[in-house]
Amino acid sequence: MPSQRIILGIGLAILLLIGAASIGLDLMTRSDSSSADRASGVLAKISDLRPMLRRAESAARAFAITGDQQFAREYRDASDTILPVFADLIEAVKDNQTEKRLIEAANALVERQIALNGELIRFKTAGDDAAVAALVGQEDRATTAEIAGNLERAVAEERRLLAARRAVFETHGRFLLGIDLAGVVLILILATALTMSTRRSSRKLQDSLSATQATNEALEAAVAERTEHLVAAHDELRLSAAVLRSTFHSMAEAVLVIDNKGEILLSNPAAGKMLSYRSGMTVERMRALSTAYQPDGVTLLPMRDMPTSRALRGEAFDAIEILIRPVSGRPPIHLIVSGRPLRDAAGAISGAALVYHDATASHDTEHKLQQAQKLDAIGKLTGGVAHDFNNMLTVITGTTETLVAALAHEPALQKTAELIDQAAERCSELIQHLLAFARRQPLHPRDVDVNATVLDIAKLLRPTLGEQIEVNSILEQETASAHIDASQLANSLLNMAINARDAMPDGGKLLLETRNVVLDETYAQANPDVKPGPYVMLAVSDTGAGMSQEVLDKVFEPFFTTKDVGKGSGLGLSMVYGFVKQSGGHIRIYSEVGHGTTIKLYLPPARGLPESTSAAAPALPVGNETIMVVEDDALVRDFVTAQLQSLGYRTVNAANGPAALNLIEGGQAFDLLFTDVIMPGGMSGRDLADKVRARRPGTRVLYTSGYTDNAIVHQGRLDPGVLLLTKPYRKAQIADMIRRALTE
Numbered sequence: 001m002p003s004q005r006i007i008l009g010i011g012l013a014i015l016l017l018i019g020a021a022s023i024g025l026d027l028m029t030r031s032d033s034s035s036a037d038r039a040s041g042v043l044a045k046i047s048d049l050r051p052m053l054r055r056a057e058s059a060a061r062a063f064a065i066t067g068d069q070q071f072a073r074e075y076r077d078a079s080d081t082i083l084p085v086f087a088d089l090i091e092a093v094k095d096n097q098t099e100k101r102l103i104e105a106a107n108a109l110v111e112r113q114i115a116l117n118g119e120l121i122r123f124k125t126a127g128d129d130a131a132v133a134a135l136v137g138q139e140d141r142a143t144t145a146e147i148a149g150n151l152e153r154a155v156a157e158e159r160r161l162l163a164a165r166r167a168v169f170e171t172h173g174r175f176l177l178g179i180d181l182a183g184v185v186l187i188l189i190l191a192t193a194l195t196m197s198t199r200r201s202s203r204k205l206q207d208s209l210s211a212t213q214a215t216n217e218a219l220e221a222a223v224a225e226r227t228e229h230l231v232a233a234h235d236e237l238r239l240s241a242a243v244l245r246s247t248f249h250s251m252a253e254a255v256l257v258i259d260n261k262g263e264i265l266l267s268n269p270a271a272g273k274m275l276s277y278r279s280g281m282t283v284e285r286m287r288a289l290s291t292a293y294q295p296d297g298v299t300l301l302p303m304r305d306m307p308t309s310r311a312l313r314g315e316a317f318d319a320i321e322i323l324i325r326p327v328s329g330r331p332p333i334h335l336i337v338s339g340r341p342l343r344d345a346a347g348a349i350s351g352a353a354l355v356y357h358d359a360t361a362s363h364d365t366e367h368k369l370q371q372a373q374k375l376d377a378i379g380k381l382t383g384g385v386a387h388d389f390n391n392m393l394t395v396i397t398g399t400t401e402t403l404v405a406a407l408a409h410e411p412a413l414q415k416t417a418e419l420i421d422q423a424a425e426r427c428s429e430l431i432q433h434l435l436a437f438a439r440r441q442p443l444h445p446r447d448v449d450v451n452a453t454v455l456d457i458a459k460l461l462r463p464t465l466g467e468q469i470e471v472n473s474i475l476e477q478e479t480a481s482a483h484i485d486a487s488q489l490a491n492s493l494l495n496m497a498i499n500a501r502d503a504m505p506d507g508g509k510l511l512l513e514t515r516n517v518v519l520d521e522t523y524a525q526a527n528p529d530v531k532p533g534p535y536v537m538l539a540v541s542d543t544g545a546g547m548s549q550e551v552l553d554k555v556f557e558p559f560f561t562t563k564d565v566g567k568g569s570g571l572g573l574s575m576v577y578g579f580v581k582q583s584g585g586h587i588r589i590y591s592e593v594g595h596g597t598t599i600k601l602y603l604p605p606a607r608g609l610p611e612s613t614s615a616a617a618p619a620l621p622v623g624n625e626t627i628m629v630v631e632d633d634a635l636v637r638d639f640v641t642a643q644l645q646s647l648g649y650r651t652v653n654a655a656n657g658p659a660a661l662n663l664i665e666g667g668q669a670f671d672l673l674f675t676d677v678i679m680p681g682g683m684s685g686r687d688l689a690d691k692v693r694a695r696r697p698g699t700r701v702l703y704t705s706g707y708t709d710n711a712i713v714h715q716g717r718l719d720p721g722v723l724l725l726t727k728p729y730r731k732a733q734i735a736d737m738i739r740r741a742l743t744e
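For what it's worth, the numbering used here labels the leading residue of the sequence shown as 1, then goes sequentially.
Hints were generated in silico from the structure; no laboratory data involved. As the structure is a computational prediction, the values presented were derived from the model and not from experiment. We put the beta carbon where it would ideally sit given N, CA and C, even for glycine. Watch out, some of these pointers could steer you wrong.
Claimed, not checked - Within a straight-line C-alpha distance of at most 20 Å, the following computed EDC-like cross-link-like pairs (lysine to aspartate or glutamate) qualify:
| hint | residue 1 | residue 2 |
| --- | --- | --- |
| 1 | Lys273 | Glu253 |
| 2 | Lys554 | Asp296 |
| 3 | Lys509 | Glu592 |
Claimed, not checked - Cβ-Cβ distance ranges computed for the label pairs, FRET-style:
| hint | residue 1 | residue 2 | range |
| --- | --- | --- | --- |
| 4 | Gln525 | Glu225 | 28 to 36 Å |
| 5 | Leu342 | Ser250 | 20 to 28 Å |
| 6 | Lys691 | Ala353 | 38 to 46 Å |
| 7 | Glu236 | Arg200 | 32 to 40 Å |
Work out the full structure, taking the sequences as your base and the hints as a guide.
Okay, here's the thing in structure tokens:
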């Protein structure tokens, strides 16, 4: 019994020992399982952290290249998420100094990169390209590689710990198995049961560790695949959004999207240029900037027929034509408007989308064509009438000549007959003017030295016009001869000079100029009666009262005059028009009320001159500076903007001097002021330049005008030596002058 008790005691002791070992093994199994879960969590966080870092770095680089604020927002969202993940990782590995040191080192490097990229975004937003370039130069790819290396070493350390725990567990299992084998001699059944239990526990633990490792590998693969898909989808979405945004912003048509309360939800840059829209404006505020008319420009457009009103009522429409007159005094704009209502999920109208097309240019071209057709029709009518009058005058003058001779013995009656003959001669002269306008007068064209003709006429003009008129002539020495009727050229010069004198009753300046010019395809497209090619330009400029647009529309019509009754026949300029057209040339008038007039005759060059073979056109000078364009004519302003942008320049537009000053006072940066000399609103281009230079000394200025450069200087509107580009000009001329103004 004692021995049995001893054996039993030993068996019980062994049983207790085995039980204690089993309990210890179970506790270690649970601890290892908890450690495996923690390791899986750490590996998952590191796996999620990698795409965050790549997304932040990609967004920062994209913003540095494009300056698109969308990339800046993406960067901030990514960087705000990264640091909390690092904090969680540091807490999770705080018991392992090696992993903790690696994660903390990576965290410090990431914090430094976030601070550096934050500075880069701030400088890019402020437009400090030099600072951006300096920061980009400081980018250290080694830092990014070091961050990735630290994370990889942390993953390796975590996996090493998992392997170490597995080895320790296997050691414990073998120790417990030895105890079971020693106790099997005394209590075989108990030992066998305990051994089987231990083996079962060992297998479960082994299966648990294997499952944990497989789960971890599957998780890493799934996260990597998901990250790759997300990055690819994000890049595709960003590209699509960039294409749509670029297309929307580059549209020539103005686009407005409004809600049912008249708030403007979306617009493109063309809306600002065409409709004067500014951020924060409502439809009501925009309507206050201008008055809308029917296409005739006379009948006011009722509020119910406004495009926005119709669209918000649920109407869908296309190509509605309206005319708006800005209250600022800018030229009227012809608009073609299309609109569609927007509806919510329930079908109720929630807003509207409207597209505005500027048809001003086509209307102006159509107006010029109508004017040319009207003048041609008047010419045909007056030509036919003049022909019939010539037939009758032939009889009258022949009869009065016979009558004068037959009344030689009756002086009183002869004097009366002579008066009739003189009146008939005057009628004959008027008929010749009508024939000139109708382009039916007999011309005798020959190669004429235009400079010599101008000099001869100038000598006659000085005594004819009077001492109060200062006559000057600036003739280009290389001016080609013109193939025209010399006498008609002289008559035309005399007519234009007399008109200039009558426009300057208190005295003034008259300038005669000649120059070789080329009218290109672009100019011909805007003036349907012009054939592209070389011309001899003759300009007559005065400092008189100028003409309004209404007068300019009728100035070439026969018998139209603004002079008092008896002081003009109204045939002077119509004769000049007919002579130029019949000669195959072109005539253009520039005039501003209160500033004077310039009439330009474009005469065909002499025939038979050898044409010089033109060398290959040199590349046009380009640039990337910002040009502020100040021009009251919307068509010219849009043309200049398009030409400058095609040369690589950035542009800022203003319709007049006050609008330009508002932009400057708002902090608008620019490198060159390109301004028209004569503008409405009381502020000339020179006045604007003086005010700008008072605010920003050293500002570079290039002037432009329909008047010739010599006319501008001689009339005292600009100082000698200023840079002036005269209208019309070609792309090569504006490219050269802009570059010259920026570099001199």
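Hint-by-hint comparison with the structure:
1. Lys273 with Glu253: With a Cα-Cα distance of about 10 Å, the restraint between lysine 273 and glutamate 253 holds, given a limit of 20 Å.
2. Lys554 with Asp296: holds, 19 Å
3. Lys509 with Glu592: holds, 16 Å
4. Gln525 with Glu225: 28 to 36 Å: violated, 58 Å
5. Leu342 with Ser250: 20 to 28 Å: With Cβ atoms ~23 Å apart, the hint holds.
6. Lys691 with Ala353: 38 to 46 Å: With a Cβ separation near 41 Å, lysine 691 and alanine 353 satisfy 38 to 46 Å, so the hint holds.
7. Glu236 with Arg200: 32 to 40 Å: violated, 53 Å
Violated hints, listed in ascending order, are 4 and 7; each of the other numbered hints is respected by the structure.
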